[in-house]
Amino acid sequence: MKLKDAVFILRSKNAGVWHITIDIVFKNKENYEQAKKALDKELFKKIYGKKDVQYFGCDTINTIKVSFLRDKAAGSIDDRDCLGALQYIPLLEVEI
Amino acid sequence: MIKALSLMGQLGYGYNKNSFLNAINEGVDFIGVDAGSIDSGPFFLGSGKMKANYGATRNDLEFPLKKAVELDIPFIIGSAGYAGSDTHLAQVVKIIEDIAKDNNLHFKTALIHSEFDKEFLKSEFKKGNIKSYENNKPLTIDDIEQSTRIVGQMGAEKFKAALQNNCNVILAGRATDASIYAAYPLLEGYKPELCWHMAKIIECGALCAKPASPSDALMGTIDNDCFYLTPPNKDRRCTPQSAMAHTLYENTNPFIIEEPDGTLILNNAKYESFDERTVKINGAQWIERKKTTIKLEGAKLSGYRTIAIAGIRDPLMIEQIDEILKDIKADISRTFGENFNISFKMYGRNGVLADKEFLNNPYEIGLIIDVVAHTQSKAKQICSVAKSALQHYDYNNRIATGANLAFAYSPAEFNLGEVYEFSVYHILETDNVNEHFKIEEMEF
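These protein sequence lines are chains L and R, in that order. Count the first sequence with this note's numbering and you get residues 1 to 96, in order. Count the second sequence with this note's numbering and you get residues 97 to 540, in order.
Just chain R, with the same shape it has in the complex (with noise of 0.2 Å):
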């Protein structure tokens, strides 16, 4: 039997040390934990900095790291800085350099890097070997060309190298959630379909645990026929719902699990209680792929952006003000042209859901002036000018001539600096691509 420890579902929540401590009572064969992930958007990625800062990841690795060293198991790192991009994983290496030396800890790391070169994706698309994903838009030269950075999402094989080159600590860059623990019971000879199976539900921690959360740890213990998710923490349990229903997430397909190794199928997969905190499951297939497949990741800048904050109150304003917003917005696009983009958002009106609101009475909306332009200093000036003319703007039957937005801030607007936009999220399918992800060795 394996004992893979999920520290938590993203390095940097803040873990727990005491389910941490009893998951290291109980015996663990290695500790994983994922870094990144591309939910918060393409901001990350882009500008190269990471989601959680230096604090927040060293407070997470620290304590941990130190005990991994300790027990001499290998200790697992995947999507470094969150995009894990090479500047997010040279942040983390500082990181975990820190701690070596403020702690006098000597260990071998594995840097796997996963930033991918240009040259090679252009020669590669032309080619015909970058796929559309799912539908979505195709891919053209320009978005190679006007990306920041593109990563491409890591499958097993590399840390299995890893492993295999006696690495205590592991610190991959972009890498799929699960390869982060498939890589170790693969290597040592569990069936594909247990490792990626239990791999693709303990990434998230205790997520997948009731209560749900994503800053506890899970331990999953693989055997040659099952396998078994345990929360460390004993308030919490593990139950076939729970196990199931987390399974569904994030994935398009509830029965079809895709990674660059190969495909989860999961139509026949069993959940039963073992006993009251445990799930047992099996039933899963696995079927290899013959050529590893990529997802590629990259985005660019598109510009600067600043917002401005306002309350609407007065009634008969927000009677009119679907036209009066247009009349603003054709006012600036007279006045600033047309490069550079301007919205609003109503909060309190339809500011989630935009037009698929069903809803539609409000007595008070927050308004978002959200201008992006090619500089800072554009967005900014046309932010303020939209702003001064909605503060001024004469709508029927107006009664209160001195005002009409309420502003809770001095100054109103706010530059929220640089803007990014995917610009890929495709996928690479080619011979050896496992060779772009290399290795590179340190000790500290």
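If we strip away everything but chain L, and leave its shape as in the complex, we get (with noise of 0.2 Å):
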């Protein structure tokens, strides 16, 4: 199953100027359960090129949650996401 398909919302933000945050809210407790598997906290690391980043799994709401300082501050000259909407894409095909 693809990422896209396991949740009811898959969603990116800035939390603040420095860092974007990532939502997933998975469908179900299954879907969570074997994303959790699936979605480690390596693998958020090797998409988005950070030595580290913050990994909550949220058991009573079927979340997962990742934060992670962003490469350039939000609306610096070479940003190109002023809001950080965008940065969940690369997690859409993501097989769980």
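Hints are computed from structural coordinates only; laboratory data are not their basis. C-beta atoms are modelled at their ideal positions from N, C-alpha and C, and glycine is treated no differently. Do not rely on the hints blindly, as some may be mistaken.
Facing chain L, a subset of chain R residues (Cβ under 10 Å, in silico) [stated by the list, open to error]:
hint : residue
1    : Pro336
2    : Thr343
3    : Leu344
4    : Glu346
5    : Pro507
6    : Asn511
7    : Gly513
8    : Val515
9    : Phe518
Got two chains here, separate frames each, mind docking them using the hints?
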């Protein structure tokens, strides 16, 4: 199953000027548990090219949340996504 | 019980008058609205310009403000003029003054200033009282000096003080979104964990409802042991899922929300359906901070921008586009030196994700040649030269020797004016910091 088919929310957004945060809210417990095995901290580090990410599994709400430092501050000269709103795209097709 | 009405998620996006009237008819203890954010980038703070202009801001304020004065309930606006500096406050004061004059309204207003003195910040920096925020770059004295203005996000304290002074309208500079809504029920003695948790969700208006909208209202009702969320618009509903999902929004940590006055901990928060359109929430914890901590925001001018927009459609050129642009960039550097920034954004290829793009099969590229230099005229000159070089670039096996680019506009270059960058986004922790948010009272 692809991640995009397992969720009812998959979004990214700035959390302040320096961070991107990604919310992945699964349709049900089953999808969430399955995804937790496939989507570990290492995978996010690899996809986003980060040395470290904050990773949260929120069992009570079937949600994975991941936050990390931006490459550039929001709105800086070379930034392409001021709101950080399209940074979830590389996750859409990930197999869980 | 206290009924808090969040007029909408962001002042100036247009509000829903029917929802507003539904809520008013049901009874409201105070009205709040968030007018600002840092989301749209550093331009507004740096330049002192408002994001929503005079007309848009006045449109959203006029009728609700009249009703609030008529009903004698507080009307609380946070992060005035988007970035909340003194110049932003002054522009919104003018709007409120015009509304008062044109409607023959009389009321007491509290302005709460949030712009910080740079000398004070420099001395706090030297004392080691300004820290990085979740591993962002450490601050430097230059960052403070180069900022055009620096504001601090206030907590609930000064809102409470203004309410205690019986001000009908509170117009605050930069404030945390939740402080706008937490102050009133805190003053009335409701549990802080309920006040802050409710405030944190309702500040975005109906964005936490289904269907979601930042341009519609949300009612928060706080009781002794829980609070309720209901959208006054009958076409929307709040569900446990929609409320929970919204609590995650724009925070790095799903369980912890830091405010100047304390920390909200959500691990044990409970969300349940109360009726078809209402969710009932409780269970959060609140830990009051010993010393108020303030998030500082500053922006500095980093140059002037000119862009050109060009369409590229020839498959041979698209195949070689990386090498071509590399060559153009090297050529521009040879001609103009180092003191500027040139970049190419290829929409249709990797314009959004840049090096994280995973597909590569464009048939068309929307190219933006983006130049930032120390003067507008230099930016324009460099952009024109780059555009022209690309227009006539003789790439390998080229058969179309007319020109390489499709321009939809004449002229092809656009001067975009000043470019700002965030220079300060750090935490100030010092004694009596709330005293730096000065209240100024005005009578209209």
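- Query: When the nearest CB of chain L is found for R:Thr343, is that gap smaller than 10 Å?
  - Reply: holds (9 Å)
- Query: Are R:Val515 and chain L close enough, Cβ to Cβ, to be under 10 Å, as the hint says?
  - Reply: Interface hint status for R:Val515: holds (7 Å vs cutoff 10 Å).
- Message: Does R:Asn511 hold up as a contact with chain L if the rule is Cβ-Cβ below 10 Å?
- Response: violated (16 Å)
- With a cut-off of 10 Å on the beta carbons, see whether R:Glu346 makes it to chain L. Check passed: Cβ of R:Glu346 comes within 5 Å of chain L, closer than 10 Å.
- Query: Taking the closest Cβ pair, is R:Pro507 under 10 Å from chain L?
  - Reply: violated (23 Å)
- Can the hint on R:Gly513 be confirmed by a CB-to-CB distance to chain L that is less than 10 Å? Cβ of R:Gly513 sits 14 Å from chain L, so the hint is violated.
- Message: Under 10 Å is the threshold here; is the Cβ of R:Leu344 close enough to any Cβ of chain L for the hint to stand?
- Response: holds (5 Å)
- Per the CB criterion, is R:Pro336 less than 10 Å away from chain L? holds (9 Å)
- When the least beta-carbon distance from R:Phe518 to chain L is tested against 10 Å, hint result: holds (5 Å)
Against the hints set out earlier in the document, violations occur for numbers 5, 6 and 7.
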